[in-house]
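A.B. asks: In case you want the letters, here they are:
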Amino acid sequence: MKAVKQRPDERLLIEAAQKDPARFAELYDDNFERVYAFVARRVYVRADAEDLTAEVFHQALAKLGQFEWRGVPFVAWLYRIASNAIADRWKRAAREQGTQLVDDPPDISGGANPEESERRARMFRQVAELPDDQRRVIEMRFAEEKSIREIARDLHRTNGAIKQLQFRALTSLRAQLKTKANKKASEKPSRKSGGRND
Amino acid sequence: MTNQNLSEQLDLMVDAVLAGRGAASRLGDKKLAEFATIASDLRDLPRADFKARLRADLERRTAMATSAKAAPEVRATATPYLSVRGASAAIEFYKRAFGATEITRLVQPDGRIGHAEIDISGARIMLADEFPEIGFKSPESLGGSPVNIHLDVSDVDAVARRAVAAGATVVRPVQDQFYGDRSGQIRDPFGYAWTISTRKETLTTEEMQRRIDAMAQKESEGAPESRTFIREGFHSVTPYLIVPGAAQLIDFMKTAYGAEERFRVNLPGKETIMHAEVKIGDSILELAEATAQFSATPASLVLRVSDVDTIYNRAIEAGATPLHPVADMDYGARGASVKDDSGNSWHIFTPNPGNTLFESFRSVTPQLNPLRAPVVIEFLRKAFGAEELDRAQSPDGVVHHARVRIGDSIIGMGEAHGPYQPMPCTLHLYVPDADAAYERALAAGAKSIQPVADQPYGDRSGGVTDPFGNRWFLATHLRDVAIPE
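Chains as they are written, first to last, in this note's numbering: chain U, 1 to 198; chain A, 1001 to 1485.
There may be inaccurate statements among the hints.
Unchecked claim - Example chain A residues on the side facing chain U (calculated, C-beta under 7 Å, incomplete):
#1 Asp1011
#2 Pro1046
#3 Arg1047
#4 Ala1048
#5 Asp1049
#6 Phe1050
Hints are computed from structural coordinates only; laboratory data are not their basis. From the three backbone atoms N, C-alpha and C, an ideal C-beta is built for every residue, glycine too.
Work out the full structure, taking the sequences as your base and the hints as a guide.
C.D. replies: Structural data, given as structure tokens:
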């Protein structure tokens, strides 16, 4: 769980939201991408991912009073709600079809790989921070699944220009991943050498 | 590999990933493999409006939960409610212009939108079709709207540009304001005025008042020269020809183009020019002999004349080398190109009668031939508030021609091709606030040549080299200084 970034004031946020549900929006803003990334990887259809993400936050809002702070990040609790919701959906689907599922349901254990959800959530946030025109191209291409030609038509640009924007956006996302990775890599040895000096 | 190729290859890979075929492994390239991982992750990117819709949904629920408990403290909000002729088209416009997302839309039996809500980066706007029968009239029915919507955005220039591209008209162009914002005003096609703004510096009310008072003071002193930051006779952009043989170049310009020498100072004890100014038609050019400190930067200059044939012949007689003989150009002008002995290229042209395409060109307009024009334009926009006027781009993305405006001047641009390769030049730019322009230029990637300082000739100026090798002297004229004869 150490990969899951925890806001230093998360506990305060949760307590505030328990007193005043209007403050739940802040918890939502902090965790939306993580939950969506977690859910989307475990279902196959975008509409299901949206339904389940909505369900997770509705449940979290309804049960927030029961949440007890034990030092575990809030998102772990959300992942557990998500796992249960996904499992329910699979069971229901199996019942409705009146059959046993041939394949095992996808891995929905909450602890499977929170680091991966975290990484992808971070990327989704980075998309939101791209320059407007690059962000629009990425959203239309990936989230709305439009072709280069459709995007070019909608944005009144040439196909070449859209491809260039896509290229720049992906290059920038990759660069940000790299800086993140390099930072991690460079942190370790410096800590070690610091230890020796002590 | 060029960007062009890469962007094509990358798109093929994205197609493959989106089609669920995974990345084409023949690429066998670590970099492309990393891109493929990113593309694969992005397949799960949430739809842009989903986050906002779910948030709004949760907010409605929490509001209900709160109000059910006890009389809560209501945080007052005021939301603009726009009456529009054509609400559906307006929503589309706000999406294109401001990146709005649609939150709610309720349609009447007669097809009119009775209520809609959009979200612009967290700001809620309500709107509906006009219902004149109940007095809910649009600006189009009323002949305008006195209410002005103030929209804070992170990049005012980009948003204003997009709004205009989407069909808005400019009321006041984007510029730095005394109260610390950079803002401009546009009118949308439905009659509403929007002030689009980005905070540049946070000022106290006292500081703003001080600036107003200072402006009023200047106004009342009524010294007209103190109101302008451009030295008399100059325009925003002046080419500064730092070249070998500056004195000979002046003679050439006099003979070939009828240039008039305004000013000349030689290096102490030498016959070489330290600084000179000549005027061709309505344009001033500055010159200096190239030195060890300031290496030669001959420029590419567009020269507008009334008879290109005569001027071309005179330039050749005066010693210029022909680059391109006089010919009728496909852009509605007769043109020719020559190179002078100091290395400057002159693109001489006479617009055909009735051709208004070149009205914005002065006698002399600097021309840049960068490898990639968009990055240069982006730099000029960030650093100097340049505005892109037009751009002619081939389907493969090559920018053949573009024009940007900085202040009252135009800079022409065409991506390098054939004999027209990048010629980093030196430009003298008058700006309202040299210190601010210098800082913005550095922030946009330029390197300092000399920090901004008051100069003995009455300007405050500094110098930078942009990422493409062009030198910029950024100046604000403070006062006129008598030039000793």
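A.B. asks: Compare the structure with each hint and give your call.
C.D. replies: So, going through the hints one by one against the coordinates:
no.: 1; hint: Asp1011; in the structure: holds (5 Å)
no.: 2; hint: Pro1046; in the structure: holds (5 Å)
no.: 3; hint: Arg1047; in the structure: holds (5 Å)
no.: 4; hint: Ala1048; in the structure: holds (5 Å)
no.: 5; hint: Asp1049; in the structure: violated (9 Å)
no.: 6; hint: Phe1050; in the structure: holds (6 Å)
Of the numbered hints given earlier, the model fails hint 5 alone.
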